[in-house]
Amino acid sequence: MLKLLLALSAGIIVGFVKGSFSKKDKKNIQKFMNYLLFLLILSMGAEIGYDKEIISKLPDLGISAAFISMSTIFGSILAVLIMEKILIGGQEW
Amino acid sequence: MVIFPIVALIIGILIGMSHVVPLFILKQAPSTILLLLLFIVGIDIGSNKNVMKEIKRFGLKVIFLPLFIVLGSLAGGLFSGYLLNMKYCDALAIASGFGWYSLSGILVSNLANVELGTLAFLANLARELFSFFIIPLISKRGKLICIAPGGATSMDSTLPFIVRYGGSEIAIVAIVSGIVLSALVPIMVPFFLSLK
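Residue numbers (this note's numbering), protein chains in the order written: chain C, 6 to 98; chain R, 19 to 214.
Note that these hints are calculated values from the structure, not bench results.
One-sided excerpt, in silico: chain C residues whose CB lies under 7 Å from chain R:
#1 Glu52
#2 Ile78
#3 Ala84
Listed below are the simulated SDA-like cross-link pairs for lysine to any residue, each with C-alpha atoms no more than 20 Å apart in a straight line:
#4 R:Lys161 - C:Leu92
#5 C:Lys57 - R:Val39
#6 C:Lys29 - R:Gly185
#7 C:Lys90 - R:Lys158
#8 R:Lys161 - C:Ile91
#9 C:Lys57 - R:Ile31
#10 R:Lys67 - R:Ile190
#11 R:Lys158 - R:Ile21
#12 C:Lys62 - R:Ile31
#13 R:Lys214 - R:Asn103
#14 C:Lys57 - R:Met35
#15 C:Lys57 - R:Ile33
#16 R:Lys67 - C:Gly24
#17 R:Lys105 - C:Leu66
The beta carbon of each residue, even a glycine, is placed where N, CA and C say it ideally should be.
Please construct the entire structure, taking both the sequences and the accompanying hints into account.
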C-alpha cells in the first residue's frame, strides 16, 4: 500500500516537472499502459490459475459469486448515476 | 477493447494451471506490474493541467461518491442475496467487501464460516476482475461512473483502468473513494455478520 502510494507520488512529481506531453508521446504512453494492463490481468489470472483451491471451488460457488459481484457492480454504477442526477442535474461531471 | 481483458485473463489462468511458472514469480508479478502502472498513472496526473481544476470543481462533494457506491453495492448485494435465497445479513456482509477479496474472505471465514468466507472471497475477486471488463465498456457514458465498479480497489488495481478510460482528471477522486471504501470493509463486514 505504501509502495503503491510512493510509486504514484514519484510519477506525479515526474509528470509535474516534465509538464505536458506531445500528442505522439501521449499515444506512446497509452500504448505502453495497454501492454501493462494486459500483463496485469494476465499475471493475476496466472496467480488464480495456480491456486488449485480456488479453481476447485468454482463449479460450486462460481455462479453465485459472479452473480453477487455483477449485482454489486451494477448497483454501484446505478447509484453513481443517481448521485449525478441529484447533485448536478444529470450532466456529465 | 472488451475482448483484451478476457483474453488476458484466460491465458493467465491457463498459464497458472499449467504450473510452468514458479510460484514466487507468480506471487511477485502482479504487484510489480501494478507499481510500474501506478508510476505511469502518476506521470499522467502530474502532467495534466486540468487536475487541480477538477478537484476544485468536485470540492467536498467528493465524499458523496463513496457513500453512493456503498449504497449501490448494498442494494446489489440484497438483490442477489434475495434471488440466491441467502440470509440478508450474509449477502450484505459479502457486498461490503467492495472488491477487497483477501480481507473480506478472511473476515467472513473467521466471523461466520469457511464456506461463506470462500463465497465472499470469490464474489469480491470477481468484482475486481469484472471491473477490468466493465470500466472500458461504461467509460463512454461518463467519467465518474468508471470509479463505481472497482469499489475499494479504485485506489490500486483498478486505478490504472479508471485513468486509462475515464481520464487522469478523476484519479484523485478515485483514490479518495478507494481509501474510504477500504476503511469501511473491516467495519461493515463484522457489523452485518453480527446481525445474525
